[in-house]
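Given the structure of chain A, go ahead and fit chain B onto it with the hints provided.
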Amino acid sequence: MIAVSNQDIRGTTVFDGECAQRGYALNKMCYSFNEAANRQAFVNDEEGYCARFGLTSAQRDAVKRRDVLAMIEAGGNIYYLAKLAGILGLTVQDLGAQQTRMSLEAFKAKLAAAGK
Amino acid sequence: MAHIIGSLMTSHVPAIGGAIARGVQGEPYWKPFFDGFDAVHEWVNHERPDVVVVFYNDHGLNFFLDTLPTFAVGAAPEYRNADEGWGLPVSRPFPGMPELSWHLIESLVADEFDVTMCQEMRVDHGFTIPLSLLWPGKGPWPVKTVPIAINTVQHPLPTAARCLKLGQSVGRAITAYPEDIKVLILGTGGLSHQLDGTRAGFINKEFDRLCMEKLVHEPLALTRFSNRRIIELAGSQGIEILMWIAARSAMTGRVERIHSNYHIPISNTATGVLLLENRVAAQDRVAAAK
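As given, the protein sequences belong to chains A and B, one line each in that order. Under the working numbering, the first residue of the first sequence carries the number 1, and numbering increases by one thereafter. Under the working numbering, the first residue of the second sequence carries the number 1, and numbering increases by one thereafter.
If you are wondering where the hints come from, they were derived from the structure by calculation, not from laboratory data. No experiment lies behind these values; they were computed from the predicted model shown. Virtual Cβ for every residue (Gly too), placed ideally from N, Cα, C. Some hints here could point you the wrong way.
Unchecked claim - Partial list, derived from the structure: chain B residues whose beta carbon lies under 10 Å from chain A: (1) Leu61; (2) Ala82; (3) Gly85; (4) Arg122; (5) Leu195; (6) Arg199; (7) Ala200; (8) Phe202; (9) Gly235; (10) Gln237; (11) Tyr262; (12) Pro265; (13) Asn268; (14) Thr269; (15) Ala270.
Said to hold, decoys possible - Simulated pairs of lysine-lysine, DSS-like, Cα-Cα distance not exceeding 30 Å: (16) Lys205/B / Lys116/A; (17) Lys64/A / Lys110/A; (18) Lys108/A / Lys205/B; (19) Lys205/B / Lys31/B; (20) Lys214/B / Lys182/B; (21) Lys205/B / Lys165/B; (22) Lys110/A / Lys214/B; (23) Lys138/B / Lys31/B; (24) Lys31/B / Lys108/A; (25) Lys116/A / Lys31/B; (26) Lys31/B / Lys214/B; (27) Lys110/A / Lys205/B; (28) Lys110/A / Lys31/B; (29) Lys116/A / Lys214/B.
Looking at chain A on its own, in the form it has when it is part of the complex (with noise of 0.2 Å):
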């Protein structure tokens, strides 16, 4: 079987080696956030908190403009970025509703038409 190849599904990032490489930084920083103590050491200072896990200036970028397709694009990893989202207080709605560039209603709405 052929591997994968990672650009060939539209709107879509397989998540594949080359990815994880360039992600680890920041997909390491999103695990810690598994503990509360991480999360509260986030909040209490981002910028400390990104340096210490050694993000990239795309990945810290990303992180400091809350733009999940940047994040992605600088090898974050959906799994793990839900954690930071969480401490954003964002649901996976959200996160949809503004990778796609829709509002939440429209792409709550879209979810729902889906089903029809």
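Coordinates of chain B only, in the frame set by chain A:
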């Protein structure tokens, strides 16, 4: 000998856990999903399994990218849930069954599935939510558990064909287990959904229906799909159908569909539940009782 009584495949969307915690199962948004479990409860309360073997995927609670096993089998006396970072209540611990775990591990490795063996393993919502759906309430779990985690985080992921063979190998191992126990197989995740990218919110009812149909009598038909094709048809996280394929393939006898339900959407996900009975095991039991 151990009997496989059936396979239950279900979605494990985290929001389900939130709905259970808030007690809103009867609200219009949730009712079409939770109502799908009435028939499951009736069946499971009648069949009373002693143990559940759970194929699920970890979403970054126990495993990180530093060391990510393709297949991992729990071999602990107890499995604990923990904070996943976004406020789901932490589930009470689940009793393990190390003697069955080690039997499965021995059998799987002899069968050339070189699994990772875990004497400590935190189980996330992929494991806890299906158990909470099966046995609502706060009482002690009425079953022992064996978790089997399949990597769906870091590509390359195991193929559908490989997961089918893993399920078959687990099924053979269970039926060779000498103790007279009733085993229910769980496969958790899916169905079609995508959380990430500009295609977020992608759902494919047609493909989900096809999977739910083929799983009953023709699971092999699903192995013609490459993982790339599954992602294209079911969304990035729709790849969790791999756990359904493994769970279905553990059944060793004649398969009968007891119940199914399909509902869109819960959170960003098309949800499904499929209960299949393993009829040979049931007939064997009747014969053994005579």
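Against the structure, the hints:
no.	hint	verdict
1	Leu61	holds, 6 Å
2	Ala82	holds, 7 Å
3	Gly85	holds, 3 Å
4	Arg122	holds, 9 Å
5	Leu195	holds, 5 Å
6	Arg199	holds, 3 Å
7	Ala200	holds, 4 Å
8	Phe202	holds, 8 Å
9	Gly235	holds, 8 Å
10	Gln237	holds, 8 Å
11	Tyr262	holds, 9 Å
12	Pro265	holds, 4 Å
13	Asn268	holds, 5 Å
14	Thr269	holds, 9 Å
15	Ala270	holds, 7 Å
16	Lys205/B / Lys116/A	holds, 9 Å
17	Lys64/A / Lys110/A	holds, 28 Å
18	Lys108/A / Lys205/B	holds, 16 Å
19	Lys205/B / Lys31/B	holds, 19 Å
20	Lys214/B / Lys182/B	holds, 25 Å
21	Lys205/B / Lys165/B	holds, 26 Å
22	Lys110/A / Lys214/B	holds, 27 Å
23	Lys138/B / Lys31/B	holds, 20 Å
24	Lys31/B / Lys108/A	holds, 18 Å
25	Lys116/A / Lys31/B	holds, 17 Å
26	Lys31/B / Lys214/B	holds, 27 Å
27	Lys110/A / Lys205/B	holds, 13 Å
28	Lys110/A / Lys31/B	holds, 20 Å
29	Lys116/A / Lys214/B	holds, 22 Å
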